[in-house]
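Protein chains: 2
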Amino acid sequence: MTTGLSERFGLSYPIMLAPMGGVSGGALAAAVSNAGGLGMVGGGYGDLQWMKRELELAVAGTQRPWGVGLITWKATREAVDLALSYEPKAFFFSFGDVSPYVDAVKARGCALICQVQDLGGAREAKAIGADFIVAQGAEAGGHGAVRSTLPFVPAVVDAVDPVPVLAAGGVGDGRGLAAALALGACGAVIGTRYCATHEALMHPLAAQRLVEADGDHTQRTRVFDIARGYDWPPAYTGRALRNRFVERWHGREQALAADTAAFEQYRQAQQRADFEQALVWGGEVVDLITGIEPAAALTERIGRDAAERLRQLGAA
Amino acid sequence: MTTGLSERFGLSYPIMLAPMGGVSGGALAAAVSNAGGLGMVGGGYGDLQWMKRELELAVAGTQRPWGVGLITWKATREAVDLALSYEPKAFFFSFGDVSPYVDAVKARGCALICQVQDLGGAREAKAIGADFIVAQGAEAGGHGAVRSTLPFVPAVVDAVDPVPVLAAGGVGDGRGLAAALALGACGAVIGTRYCATHEALMHPLAAQRLVEADGDHTQRTRVFDIARGYDWPPAYTGRALRNRFVERWHGREQALAADTAAFEQYRQAQQRADFEQALVWGGEVVDLITGIEPAAALTERIGRDAAERLRQLGAA
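Protein chains in written order, with this note's numbering: chain A, 5 to 320; chain B, 5 to 320.
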């Protein structure tokens, strides 16, 4: 399965771990890289202490290429420079204006990866010199927007040619990876599925919810960002498992924003790992999660299943 | 490209024309069937006069298998029996309880095809004996719900095994068809892309809008159903091109429902083909529509491109 992605980073499988903030730590990133994918550390909102710890684990855990990601509108020069000091081979930005960081990333010989949610964003990413563009569909877990992966990926491929494109959102097994390649992507970014691995920094009760959930019961919502005090740009919502907190507040965002007691209750629910109230990000792909397993075994299975499926379809 | 769909109907390509109400007439259905796909007449809300005219055109236009579709919650026994009297080989139901029509369809040896929008619907369709289940994603044009095609199709495949599954929503070229097969579907249902064909019953100005539109500018909405007086079940919205009518009323549905003058203005806009006000259904796949062409050429190109793409990926 040789693609522009696998060639650039010497991968066995065209699989990129989504840099899920706080979940994709150094151990998970290293495990994915060691298995032949591209592991990514999820720097999220740019907590420097968390980043140092996890970036050190990535460096210690693998000799193979790995990368790092940040939420662009929350990124700082300090967080970007800290990440670059660990010599990642890929820097993944999503949700905001990447232009302040392009030169620093490129000066290190690090691949610039821009995740986009619409065609306008795709064209901007090409214009600033992205080495790879990730077309993210709304079925993805966590933050995202409104386009769907299947029609969005080929539209981005056509719009940014010849920049290589990855598919994100909805991919959780070999079928999804094979579909991403069929759409013209050079690989797939996989997030939610990796939450149910031994190495993911997930509370066990949250991971178990991902195993049990089905994709009919996820929801794009702002309620968790409001409760947690994150001022996300209005274009982005987050897909989470529907729980009592969502049932109570989704559609009543203004009331929630005015209810400071609810914020405190939310914080306490999070502390006691009460996931009927607290957030579990999850994409529609939760249907395909049947258990918690080592990230290496998962990576290899997805890669091999995709290759085998494409071999069979190509011979038919 | 031999699949369960192509074998059942003797197709050259595992492509089914979506039975788009009022758009997929007998000439379009016959053209798709003659080109090696499965043409479908879109009976829509069950207008008997329209159905008679278009079903006769289908019968006159092709010797190959073709089918018919109805909006289930609006279907009547009379419309179903009328359609069956023309001996379609496939009967496609979507949006509602199909059980009243199962026996009549099966008694004719006609394949029962149920389109579903969530896993619950998929399991119901299997239980009533659907011969094929169509997993429809929210990126589709026209009516639909909330799941996205890429993760939904493999989830339905797993949930209804061994019933064969088709993918609907987001497929408009060979890449999309190849992706559908990679996801485990036995074919793809293609709607919006066929609106931009010579045979589609579309106003030329509406078809031209589909050519010019991009997928960032479609919207799932109820405003056109409200303005046209269709009492759709709340689970379903329709994806349309965003125009001034959508900008004005989307999010203000209650005000629209109370504004009978707006209904009359809408009706007049429709009559004068003012598509800044009047409805043009369209899926996110509009990105991939670059011109209006004969349905046969489109069918053959999609089928051949998908086969070639899968051949290349399988050999890589």
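Quick caveat, the hints were computed from the structure, so don't treat them as lab data. Even glycine gets a Cβ: it sits at the ideal position worked out from N, Cα and C. Any given hint could be a false lead.
[As the list claims (entries may be wrong)] Quick partial rundown of chain B residues pointing at chain A, CB under 8 Å, derived from the structure: (1) Glu11; (2) Asp122; (3) Leu123; (4) Gly124; (5) Arg179; (6) Leu187; (7) Ala217; (8) Pro238.
[To be verified] Derived coverage of chain A by chain B (criterion: at least 3 residues anywhere in the stretch with Cβ under 8 Å from a Cβ of chain B; other residues may be distant): (9) 46–59; (10) 87–100.
A quick look at each hint next to the structure:
Annotation: Glu11 of chain B was flagged as interfacial toward chain A, and the flag is violated, the nearest CB pair being 12 Å apart, outside 8 Å. Interface restraint check: Asp122 of chain B against chain A, minimum CB-CB distance 5 Å, threshold 8 Å, status holds. Given the 8 Å rule on beta carbons, the hint for Leu123 of chain B holds: about 5 Å separates it from the nearest Cβ of chain A. Given hint, Gly124 of chain B at the interface with chain A, holds; its Cβ is 7 Å from that chain's nearest Cβ, closer than 8 Å.
With a least beta-carbon distance of about 5 Å to chain A, the hint placing Arg179 of chain B at the interface is held under the 8 Å criterion. Taking 8 Å as the C-beta cut-off, the interface hint given for Leu187 of chain B holds, the closest approach to chain A being about 5 Å. The beta carbon of Ala217 of chain B is not positioned within 8 Å of any beta carbon in chain A (closest approach about 11 Å), and the interface hint is therefore violated. Taken as an interface hint, Pro238 of chain B does not check out: its beta carbon lies about 14 Å from the nearest beta carbon of chain A, beyond 8 Å.
Look at the region 46–59 of chain A against chain B: 0 of its residues bring a Cβ nearer than 8 Å to a Cβ of that chain, fewer than three, so the hint is violated. Chain B is given as covering the region 87–100 of chain A, and this is violated because 0 residues of the stretch bring a CB closer than 8 Å to a CB of that chain, at least three being needed.
Hint compliance for this structure: hints 1, 7, 8, 9 and 10 are not met, and every other hint is.
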